[in-house]
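Two chains, each in its own frame: build the complex with the hints.
Protein chains in written order, with numbering that gives the first Met the number 0: chain A, 0 to 101; chain B, 0 to 131.
Calculated directly from the structure, the hints in this document are not laboratory data. There's no promise every hint is true.
[Stated by the list, open to error] For each label pair, taking beta carbons as the anchor points, the in silico distance ranges come out as: (1) A:Gly43 - B:Gly98: 44 to 52 Å; (2) A:Leu56 - B:Thr114: 23 to 31 Å; (3) A:Arg18 - B:Arg19: 37 to 45 Å.
[Unchecked claim] Here chain B is said to cover these stretches of chain A; the calculated rule only asks that three of the stretch's residues, wherever they fall, bring their Cβ under 8 Å from a Cβ of chain B: (4) 12 to 22; (5) 46 to 52; (6) 73 to 79; (7) 83 to 89.
No residue lacks a Cβ here, since even glycine has one placed at the ideal position from N, Cα and C.
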Amino acid sequence: MSDPRDPAAQPERTRFAWRRTTLAFAVVVVLEIRRVVVEGGSVGGYAGLSLALCTWLVFLAAGQRRIDQLAAAAPAAMAPGLALGAGLCVVASAMSAGALLL
Amino acid sequence: MSDPERPSAVRLWFSPRRLRAEGRTPDYRFSLANERTFLAWVRTALALVGGGIAADQFLDEMARPIRTTIAAVLLVGGAVCAVRAVNHWIRCERAMRRGEDLPESRFPGLLAVGTAVAAVALIVAVVVGTRR
Numbered sequence: 000m001s002d003p004r005d006p007a008a009q010p011e012r013t014r015f016a017w018r019r020t021t022l023a024f025a026v027v028v029v030l031e032i033r034r035v036v037v038e039g040g041s042v043g044g045y046a047g048l049s050l051a052l053c054t055w056l057v058f059l060a061a062g063q064r065r066i067d068q069l070a071a072a073a074p075a076a077m078a079p080g081l082a083l084g085a086g087l088c089v090v091a092s093a094m095s096a097g098a099l100l101l
Numbered sequence: 000m001s002d003p004e005r006p007s008a009v010r011l012w013f014s015p016r017r018l019r020a021e022g023r024t025p026d027y028r029f030s031l032a033n034e035r036t037f038l039a040w041v042r043t044a045l046a047l048v049g050g051g052i053a054a055d056q057f058l059d060e061m062a063r064p065i066r067t068t069i070a071a072v073l074l075v076g077g078a079v080c081a082v083r084a085v086n087h088w089i090r091c092e093r094a095m096r097r098g099e100d101l102p103e104s105r106f107p108g109l110l111a112v113g114t115a116v117a118a119v120a121l122i123v124a125v126v127v128g129t130r131r
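Next comes chain B alone, as it looks inside the complex (with noise of 0.2 Å):
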């Protein structure tokens, strides 16, 4: 199925030749907003290992395996979503080498969804948990 005019994103990781074959270089602003929009990903990315890393420390109220399980779910999403970042730039800059529309993405409306739920859960662990 794959088509070798569209090869996949992850190929552009590796190859700057491959990613400057691309159509046309854009105004170098628009390469720089996309540079700072990834970096502000990356921050999320350190925020949510951050919280994984506080997590495990300042929940010493809670039994170890929650305070465990809660940490490993923030630091497995901090992986993930820097992994996204960098995917989710190369295909923002070769949508704008080749003049099109930027990428859609569900990831955002998941991160925020998935950071609401595990907040009102942490919530409820908190005031149920450290009682005992």
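Pulled out of the complex, with its shape left as it was, chain A reads as follows (with noise of 0.2 Å):
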């Protein structure tokens, strides 16, 4: 009978790299709350810190889907749908820092 645990944890190692991926996100958006704070916030610089907000939450929501997907015994690949919305996430987040340099 087939061990249902990996012996190489894949599983868990992917569920890992997509938290750190998350919190790397999440520095991101820190960094530009520290700028909004610091240097004082123009309608760009609001607009662009809402953006980046919003992309961290859509990602974080698609890193938990994903998450729980992996955890079947044997999962499925990655939907490219998935693949393509987190790397749009990341995209608009450089479009908001973009606009914070206005």
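Structure representation (structure tokens):
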């Protein structure tokens, strides 16, 4: 009988990879908050910061969804839409940071 | 020139069915390794974005146009890196399904050279630019 737990702990490692990526994203959001707090926010600044917060929440939800899927015994590959969504969140965070520069 | 047997990877971005139609499902551990590589590239992209924001905030003795240019280059680099991460993930996934070699890429080398050049330029800018 096959072992339900993968000896190489692949699902766990993938879960942690999602968690630390979400944390790295949080650092970007914190840097944007610092900028608005320290240097004062323009309208573009607040718009950029709101965009960054929203995209971080979307990324957090995407990661959580994937982590739920990884609980299966032999999880299926990530859906292309999830990868695309995660990538677009990062693009949006770059755009929000661009709005802060204005 | 488009080969119906080899649809462009971009078309696969939007269609899980089209990806599943390619070849056979590999061992799930290979797919998870590919996913972690994708996430590592996403973190690289986030590091570039964070570096752009940090450059704008912490190089405050540098002339504003230079500082903003450095930040903008890093932010654009981060966005490119993120899009490329998605594309590379899907190309690797397709190659594994088809039992082909993994796709080759110039991107890591270009990014390494670009990062090294940018780092040296930044050191020069900080040493020269902040003394005025």
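Take a look at whether the Cβ-Cβ distance between Gly43 (chain A) and Gly98 (chain B) falls inside 44 to 52 Å. holds, 50 Å
In terms of beta carbon proximity below 8 Å, does the segment 12 to 22 of chain A have 3 or more residues touching chain B? Answer holds; 6 residues pass the 8 Å Cβ test.
Would you check chain B against the segment 73 to 79 of chain A, counting CB to CB pairs closer than 8 Å, and say if three or more residues qualify? Satisfied; 7 residues make the cut.
Is the hinted range of 37 to 45 Å satisfied by the C-beta distance from Arg18 (chain A) to Arg19 (chain B)? violated, 27 Å
Closer than 8 Å, Cβ to Cβ, for at least three residues: run that test on the segment 83 to 89 of chain A against chain B and report holds or violated. Answer holds; 5 residues pass the 8 Å Cβ test.
Taking a Cβ-to-Cβ distance below 8 Å as contact, does the segment 46 to 52 of chain A have at least three residues touching chain B? Per the Cβ count (0), the hint is violated.
I want to verify a distance hint. Is the separation of the beta carbons of Leu56 (chain A) and Thr114 (chain B) within 23 to 31 Å? holds, 30 Å
Figure legend: structure checked against the earlier numbered hints; hints not met, in rising order: 3 and 5.
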